[in-house]
Amino acid sequence: MVKNRHEDLGLSNEKVIEIYKTMLMARRIDERMWLLNRSGKIPFVISCQGQEAAQVGAAFALDNTKDYVLPYYRDVGVVLTFGMTAKDLMLSGFAKAEDPNSAGRQMPGHFGQRSNRIVTGSSPVTTQVPHAVGIALAGKMNQEDLVAFVTFGEGSSNQGDFHEGANFAGVHKLPVIFMCENNKYAISVPIEKQLACENVSDRAIGYGMPGVTVDGNDPLAVYQAVKEAADRGRRGEGPTLVETISYRLTPHSSDDDDRSYRAPSEVAEAKTQDPIITFGAYLKETGVMDDALEKELNDQVMAIVNEATDYAESAPYADAESALQYVYAEK
Amino acid sequence: MVKNRHEDLGLSNEKVIEIYKTMLMARRIDERMWLLNRSGKIPFVISCQGQEAAQVGAAFALDNTKDYVLPYYRDVGVVLTFGMTAKDLMLSGFAKAEDPNSAGRQMPGHFGQRSNRIVTGSSPVTTQVPHAVGIALAGKMNQEDLVAFVTFGEGSSNQGDFHEGANFAGVHKLPVIFMCENNKYAISVPIEKQLACENVSDRAIGYGMPGVTVDGNDPLAVYQAVKEAADRGRRGEGPTLVETISYRLTPHSSDDDDRSYRAPSEVAEAKTQDPIITFGAYLKETGVMDDALEKELNDQVMAIVNEATDYAESAPYADAESALQYVYAEK
Amino acid sequence: MPVISYIDAVTMAIREEMERDSQVFVLGEDVGKKGGVFKATHGLYDQFGEHRVIDTPLAESAIAGVGVGAAMYGMRPIAEMQFADFIMPAINQIISEAAKVRYRSNNDWSCPMVIRAPYGGGVHGALYHSQSVEAIFANQPGLKIVMPSTPYDVKGLLKAAIRDDDPVLFFEHKRAYRLIKGEVPADDYVLPIGKADVKRQGEDITVITYGLCVHFALQAAEKLASDGISAHVLDLRTVYPLDKEAIVEAASKTGKVLLITEDTKEGSIIGEVAAIIAENCLFDLDAPIMRLAGPDIPAMPYAPTMEKYFMVNPDKVEKAMRELAEY
Amino acid sequence: MPVISYIDAVTMAIREEMERDSQVFVLGEDVGKKGGVFKATHGLYDQFGEHRVIDTPLAESAIAGVGVGAAMYGMRPIAEMQFADFIMPAINQIISEAAKVRYRSNNDWSCPMVIRAPYGGGVHGALYHSQSVEAIFANQPGLKIVMPSTPYDVKGLLKAAIRDDDPVLFFEHKRAYRLIKGEVPADDYVLPIGKADVKRQGEDITVITYGLCVHFALQAAEKLASDGISAHVLDLRTVYPLDKEAIVEAASKTGKVLLITEDTKEGSIIGEVAAIIAENCLFDLDAPIMRLAGPDIPAMPYAPTMEKYFMVNPDKVEKAMRELAEY
Ligand SMILES: Cc1ncc(C[n+]2csc(CCOP(=O)(O)OP(=O)(O)O)c2C)c(N)n1
Ligand SMILES: Cc1ncc(C[n+]2csc(CCOP(=O)(O)OP(=O)(O)O)c2C)c(N)n1
Ligand SMILES: [Mg+2]
Ligand SMILES: [Mg+2]
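Protein chains in written order, with this note's numbering: chain B, 1 to 331; chain U, 332 to 662; chain D, 663 to 989; chain Y, 990 to 1316.
Be a bit skeptical, because a hint or two may be false.
Said to hold, decoys possible - Dumping the calculated DSBU-like pairs for lysine-lysine here, alpha-carbon to alpha-carbon at most 35 Å:
1) U/Lys504 - B/Lys193
2) Y/Lys1188 - D/Lys915
3) Y/Lys1148 - D/Lys857
4) Y/Lys1148 - D/Lys915
5) Y/Lys1022 - D/Lys915
6) D/Lys821 - D/Lys701
7) D/Lys906 - Y/Lys1170
8) D/Lys821 - B/Lys331
9) U/Lys504 - Y/Lys1022
10) U/Lys471 - Y/Lys1022
11) D/Lys861 - D/Lys970
12) Y/Lys1188 - U/Lys662
13) U/Lys397 - B/Lys193
14) U/Lys662 - D/Lys978
15) U/Lys372 - D/Lys821
16) B/Lys21 - B/Lys331
17) D/Lys701 - U/Lys515
18) U/Lys427 - D/Lys981
19) D/Lys915 - B/Lys331
20) Y/Lys1254 - D/Lys927
21) D/Lys927 - Y/Lys1305
22) Y/Lys1242 - Y/Lys1305
23) U/Lys372 - D/Lys915
24) B/Lys87 - Y/Lys1297
25) U/Lys602 - D/Lys695
26) U/Lys418 - U/Lys397
27) U/Lys615 - U/Lys515
28) D/Lys970 - U/Lys418
29) D/Lys927 - Y/Lys1022
30) B/Lys193 - Y/Lys1308
31) U/Lys515 - D/Lys981
32) D/Lys978 - Y/Lys1188
33) D/Lys981 - U/Lys372
34) B/Lys227 - B/Lys66
35) B/Lys331 - Y/Lys1148
36) D/Lys906 - Y/Lys1022
37) Y/Lys1170 - B/Lys96
As the list claims (entries may be wrong) - To spell it out: a stretch of chain U is covered by chain B in this simulated footprint if at least three of its residues, at any positions, have a beta carbon under 8 Å from a beta carbon of chain B; those stretches are:
38) 335-343
39) 642-656
If you're looking for bench data, these hints aren't it; they were derived computationally from the structure.
All of these numbers come straight from a predicted model, not from anything done at the bench.
Cβ atoms here follow ideal geometry from the backbone N, Cα and C, with glycine treated the same way.
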């Protein structure tokens, strides 16, 4: 039997099952989105597949009653952990009025839900990084015990906003966790054409913060790294840069054909490390989950996804004229 | 007697005297600018004082017949080494038509002279960094043996353009030398409010390039670091980040009063390390310069500065309507 | 009523708002210990401490972006761009983020922040310390752009901007800072953002402008008055979104319109003012719409000859007004 | 003459110029191996190699800034912004640098570069993949902004842009990419930047527009023709600096002017077009200048209901043209 690593991290069996179930939920929602896209029901999908362990492992290390998350477009696992539901996500996929992210104004993957402190995001990459710093600054000014958690891809770590935001947080010792979800590609551009450094985490020292690289297919490794970063932040010791290494299992988005720039064999190889499979195996090997429970969880998740899909599909769009609302505050 | 360090670097006695004289020229021009400003003759001056060793030491390590320099506003020492004259600089100070930098269109300190491969610069800091990368890229494409040398302050190293430019150069292994002239202040903001890292050179690893920090008051140390960086670049091994540590001996510019943010004693203390004095002392201690030569050099420099001042003062301004020229290429 | 300078009105407005609301804070380059390169935040560091008057690293995108984050949290940041010319690196944060936070989240989030910046020429600032940058932003719904002309307006509008629930760009004319003085009440008042202001009633010609040029127009109007020409002067105050009603009213009143900006001409905000007039009250016009602006060159040069050639000044304004009156 | 799509005209122009001049190269995100997210650079990587078709790191300010550097050296970079919406981080490099290199150096240096970007909506692109961004730049002397409507114009103008000695922003309508096809000569030709083009001669009303809306106007003009209304259609092609002569001529010809843009209305470039008309040929007008544009909201939403509401389309254009004709 494999070593039980989650107990050492203070994670109960129930917790790790929750983590697994959330990862599975993210995966199943995403898979459904692709089906809906390929059958012409929704115009666009951008995937979390392959990054669920990193996302859910990280989000579980935060306090979803007070921390702020600034997810990037792949972070289905993060927002699920912070309270967004499958229904919310499906409403967003279908661009319906009830979508809490934007009432169908934004593409799917542009998360935002104030009640859950999921901070509204945009398409231009990396702009959320300074926002996280601003939220941490505001929290500090108001003596609130909060951590701001922000994610981005390895390609996006090359934007000026990463540099400027990280440096600001470093100088002001703010409780920010910068998590780079390194999935080895930025659309078609492979990591060696994006970065000259070994690891994105090598950049941390330039901002006076610790940087760690962890296995993004292992939710427990990510949990641990983010937990330490959150603890540091809460202790007033400043920000941390965490890099998770995984692989993007789908094309970049539903508009992309990845066969033009990477070999199917490379993808197939990466799929052997699929975190849903490997973490499932861990849970079985540690005796936390058996086949029956696995099936039960899967059935529960599928039922929720099915219901969410049906609901969202038949929900109404926002009225055309509602496009005129909320440019400015309305009295 | 002090150890002769310049011979080990392959620098003859004549060369180090040339270095000293260029440093002195930069200093005397700058001092004159302040006098002209304080007497109401020119509206603005921004100084090189305290950074002459870094500038001249670095520029002498380059090949001024083929390399490109992208100086920032303090780099009088760099542009002098690359062929700009005291007269050119005075014409710029007085904003006269004959100013080769801009015909009086730009403030002093905005260098540019195509014939000497001094690349035109602007006021927004750090924009020149990607330009240097583009020039190195172009040189590489054209199989030219050139190095692009670009400078900026430590505050300016926090701009996104530093990060984006450095990363681009790292990925493409381009012959760029990024030199940060760390003078401990960005206008009033001290280094500890600018940077959370120990050294600006700590950032190099994040771009897969070597980073070194050297004494900016010692032209020989800077010469050595930049020479190595240039050699690396020419060998196709990519960029280098060099940080020079010195101190800004004047207020930020003629518009600044530095007494509002730093103690006169701190400035006085730094003046004991004034590179004009310390390098002069080295030259004497190594027997390269005696009092007579020192006086002679000073007299030569002063004569040139005086002549340049007189010439520039009485030179004409550009015609008012010439402001309409050169928005676009003219046929 | 005390007479104070334009810049002192800036400081006064910030101070009063910081005293009133603990969520208001200042961030920017050199705004703290030094009190700003123009001294607009002078004394605030001593009064409110380094945590509410933050000397930031030299990085405008972070200044804006950190401000956006703090504003989304619920604070009311006042970010200073040291010169309007240096707002360029922050444009992504301003246009993609600040302007769109409320809209994209369907009113779930908002971004109540002010970005202040000194703009304008005539101070030997050369290409990069003289520009008018408002036209770059004056096409972005979600933003408001305020450009006051008098100390009274500065105080009332800056306080309104700080209390506004949406992002406001507040551009201050740097030559007006010490040149323009005026009566400013010591007590609390706000002026409405989005409303133009008639600075002078007149019957023969209408001048519509903003910022420092308002003063040039008023000076010229005095001269014209002694020749029996009566000029109506409308100060836009908010240049985006424009006060269409006031523009149409002012244009219709005299039927002869001169639009003035210090910016380069093509694409400046007075083009939009002309369009509003041409769309809404074309048949009230007795003369072509006239525009006085800087020449279409990248920015004003440093040398005094060329700088003077570029700048709008009272003589150029007077000449244009006379020409229009005689049409 | 072969009939090809708008996007194929882009590729053809780039390919021909790269074959003609070894100093021309392409850089941008995914432009190499993948051939661009829209396939505008398809095949160039194979033909010219990774050193002339460079997949850059994901950093627009560097893409523009490295391009500026290479252009100052003497090369002719063609930088792609993956979507016009993502040009924002590069604005400092474009406005402070590219636009001002020649001017600030008194003609000593220059910056012959092209920045291409797909813009425009109607493709379910939502807020950040649909914007028209030209107005942000259409007030910056030193820049030229080209926005072609047909494959023929695309090829001739893109080649002209690449050979131009100054920076050119070249905005391609992404919905036109595959929707619009037309005859394009296989041989070398260039079209003049800065010149508008009469796309249809007419007598009763004048429509002035650019980009995809040119096609809407032409379609509507056909319909109106069958009702005896003759529409003159001017395609601006270069939106900055504007072709003032052609605008005045087109407006004067019929005295009734409809200006159309897909951009949000206030501050869009058609405001400047209106100003030029109101300044130069006001008394030739028989109707107020009419404008048809997107509503003043930050950008077009994703949901089909709201996207459709935002977009200009042939019906809206036809309705406006009829209204004007009946005035
Ligand atoms: C500023 C900006 N430029 C370009 C894009 C288009 N784009 C969207 S995602 C992407 C690649 C992102 O790669 P990475 O950061 O590695 O994240 P990943 O998608 O791999 O998770 C690009 C180029 C964008 N959204 N924003
Ligand atoms: C983008 C931009 N922001 C602000 C300024 C105003 N400014 C000019 S120099 C300076 C400080 C620069 O500090 P540093 O980089 O350390 O260089 P130093 O002046 O100390 O040599 C500032 C804030 C500017 N020129 N450009
Ligand atoms: Mg990636
Ligand atoms: Mg410094």
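Point to revise | Numbers of the earlier hints that this structure fails to satisfy, in rising order | key: The structure conflicts with hints 2, 3, 4, 5, 7, 15, 16, 23, 29, 30, 31, 32, 35, 36, 38 and 39, although it agrees with all the remaining ones.
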